[in-house]
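S.K.: Here is what each chain is made of, one letter per residue.
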Amino acid sequence: MPMLTRYYIKASFIHLLLGLLLGVLLALPTAADVLFAALRPVYLHLIILGWVGQLIIGVMYWMFPKYSPTQPRGNQRLGWAIFVALNGGLLLRAIGEALLSLAPESASGWLLAVSAVLLFAAGWGVVANTWQRVRER
Amino acid sequence: MPRISVWMVRTALLYLGIGFTFGALMLWNKGIPTQPSLWRLLQPHIEFLIFGWTLQLAMGVATWILPRFSQPPRYGNLALAWAAFFSLNSGVLLAAFATWQAHAFYGLLGIGRALELLAALFFVAYAWSRVKPLSTIA
Chain X
112 MPMLTRYYIK ASFIHLLLGL LLGVLLALPT AADVLFAALR PVYLHLIILG
162 WVGQLIIGVM YWMFPKYSPT QPRGNQRLGW AIFVALNGGL LLRAIGEALL
212 SLAPESASGW LLAVSAVLLF AAGWGVVANT WQRVRER
Chain W
739 MPRISVWMVR TALLYLGIGF TFGALMLWNK GIPTQPSLWR LLQPHIEFLI
789 FGWTLQLAMG VATWILPRFS QPPRYGNLAL AWAAFFSLNS GVLLAAFATW
839 QAHAFYGLLG IGRALELLAA LFFVAYAWSR VKPLSTIA
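Which chain is which? The protein sequence lines are X and W, in order.
Quick note: the first sequence uses my numbering, first residue 112, plus one each step.
Quick note: the second sequence uses my numbering, first residue 739, plus one each step.
Hints in this document: simulated from the structure, not taken from any laboratory.
Glycine residues also receive a C-beta, built at the ideal position from the N, C-alpha and C atoms.
Treat the hints with care, as some may be off.
Quick list of the computed label-pair ranges, beta carbon to beta carbon [as the list claims (entries may be wrong)]: (1) W:Leu816 with X:Gln243: 18 to 26 Å; (2) X:Pro180 with W:Ala840: 28 to 36 Å; (3) W:Pro771 with X:Ala239: 27 to 35 Å.
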């Protein structure tokens, strides 16, 4: 298993644990309504994108047909950039959503904007790095 | 990888890219309010990423890696898999279009969801016989 896949899978496990922990916290009767509303999308994205999506991306990188003998898994640098963008984007989103709900007038909106750019880049990065590995044999 | 898997996986990748784009537009708009109507992308975002990306990727990879038959056709009745492909994509696009409208078209949404169900039925009918131990492949 390539190193990048190990990073993807271990990061996905961490997202799963964080997502489930957030799920417990949001279920507590003491959870403030404003934080609940702000963090519910974070909870969903930690589980669906951070865990499921990232696990899929990591396994695709490992198991899909080889791109070429010299570059079996496509562009490795792009693979790492996607990993950083995806996890950085999710982290910034979690921080940004919480800050925005606690202090709406702060500059935290920019955190969400940067997060949006990172996640957009990660999504199309996956498409670019996987497309040529999906071919008929 | 058989041709049907290539079509399913590449189509799934396109839904991934477009679904992430919709999500990024809404997230940007949440941080820096730009255009309120961008929130209408929420349902298409969900439709594209759950059914267009995740489900279709699973179908494409399953068609590729499930145990094959020892006699031709080794991948089974691929006409059923193609029917699932066309039905699923028609359904996802119709459902996404219906929910994107300012006033959701519930009739169109119902047809889209019915096509998604039909796609699942086609795919289950296709893959059912390929889910078996390697040693007993007929």
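S.K.: When the structure is checked against the list of hints, which entries are broken? Sort them ascending.
M.R.: 2
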